[in-house]
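Sequences listed follow chains D and S, in order.
Counting in the working numbering, the first sequence runs from 1 upward without gaps.
Counting in the working numbering, the second sequence runs from 1001 upward without gaps.
By construction, these hints were calculated from the structure, which means they are not laboratory data.
Please note that a few of the clues may not be correct.
To give an idea of the chain S side of the interface with chain D (calculated C-beta under 8 Å), a few residues [claimed, not checked]:
1) Gly-1016
2) Ala-1019
3) Lys-1037
4) Pro-1044
5) Phe-1089
6) Gly-1097
7) Phe-1102
8) Gly-1105
As the structure is a computational prediction, the values presented were derived from the model and not from experiment.
Beta carbons: idealized from backbone N, C-alpha and C, even for Gly.
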Amino acid sequence: GAVVSQHPSRVICKSGTSVKIECRSLDFQATTMFWYRQFPKQSLMLMATSNEGSKATYEQGVEKDKFLINHASLTLSTLTVTSAHPEDSSFYICSAWTGETQYFGPGTRLLVL
Amino acid sequence: GENVEQHPSTLSVQEGDSAVIKCTYSDSASNYFPWYKQELGKRPQLIIDIRSNVGEKKDQRIAVTLNKTAKHFSLHITETQPEDSAVYFCAASIQAGTALIFGKGTTLSVSS
């Protein structure tokens, strides 16, 4: 079946630093990937739609200069959290559409100290 | 934009009982409705989905029904087992392949 991977699985960083999260589709090409954020005991909130070869589309309230998204190839999208602060600590999950359904990556747990 | 409401937020059942989770959506243009199961700290896993040209879909103990007129859809789990305990999310999108908007989730607890 389709596989979506994410790296790293968890990261701890100091406040003010930047963190890059990678999302890969391993056995299919994904022209579109999605980034979600999930706080503890809450639902998945769509942050942005990542489009291969073009700019990402951000949801209302998501700062595009803080959450940089790059989708340079059909199998890789990256999310960079710039100048991270403790309130950015969350579970970040990407997903990709296979043509049949939407698969999620295993998520990246970010802790900003 | 689309808004998805999900009820109940928590559901406790005895093993062998049925469980029903209900969702409503606001955008009549939505036509793809998946259900995901998420265990603690893990990724959401698709358990069943339905498209707007179908009123009901079944897969063993799991079924989903869709009422487009009323803009609501429901997940039915029969003969529940302890391993069904998890958080279940409904979602909606305008078409398969576009971004999903999720409900707030239902924590299902099945006691033996």
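> Against chain D, with CB atoms and a cut of 8 Å, does the hint on Phe-1089(S) hold up?
Replying inline: Hint holds; Phe-1089(S) Cβ to chain D Cβ min 6 Å, cut 8 Å.
> Given Ala-1019(S) as an interface hint, is the shortest Cβ-Cβ distance to chain D below 8 Å?
Replying inline: Violated - the Cβ of Ala-1019(S) stays beyond 8 Å from chain D, reaching only about 19 Å at its closest.
>> Given a cut of 8 Å on the nearest C-beta pair, is the interface hint for Pro-1044(S) held or broken against chain D?
In response: 5 Å, holds
> Regarding the hint that Gly-1105(S) lies at the interface with chain D, is the smallest CB-CB distance below 8 Å?
Replying inline: 5 Å, holds
> Does Gly-1097(S) meet its interface restraint, that is, does its C-beta lie within less than 8 Å of any C-beta in chain D?
Replying inline: Holds, about 4 Å.
> Does the interface hint hold: is Lys-1037(S) within less than 8 Å of chain D, judged Cβ to Cβ?
Replying inline: Hint violated; Lys-1037(S) Cβ to chain D Cβ min 11 Å, cut 8 Å.
> Taking 8 Å as the limit, does the beta-carbon of Phe-1102(S) come near enough to a beta-carbon in chain D?
Replying inline: 5 Å, holds
>> Interface hint check: Gly-1016(S), Cβ to nearest Cβ on chain D, cutoff 8 Å. Holds or violated?
In response: 28 Å, violated
The structure does not agree with the numbered hints 1, 2, 3 stated previously, though it agrees with the rest.
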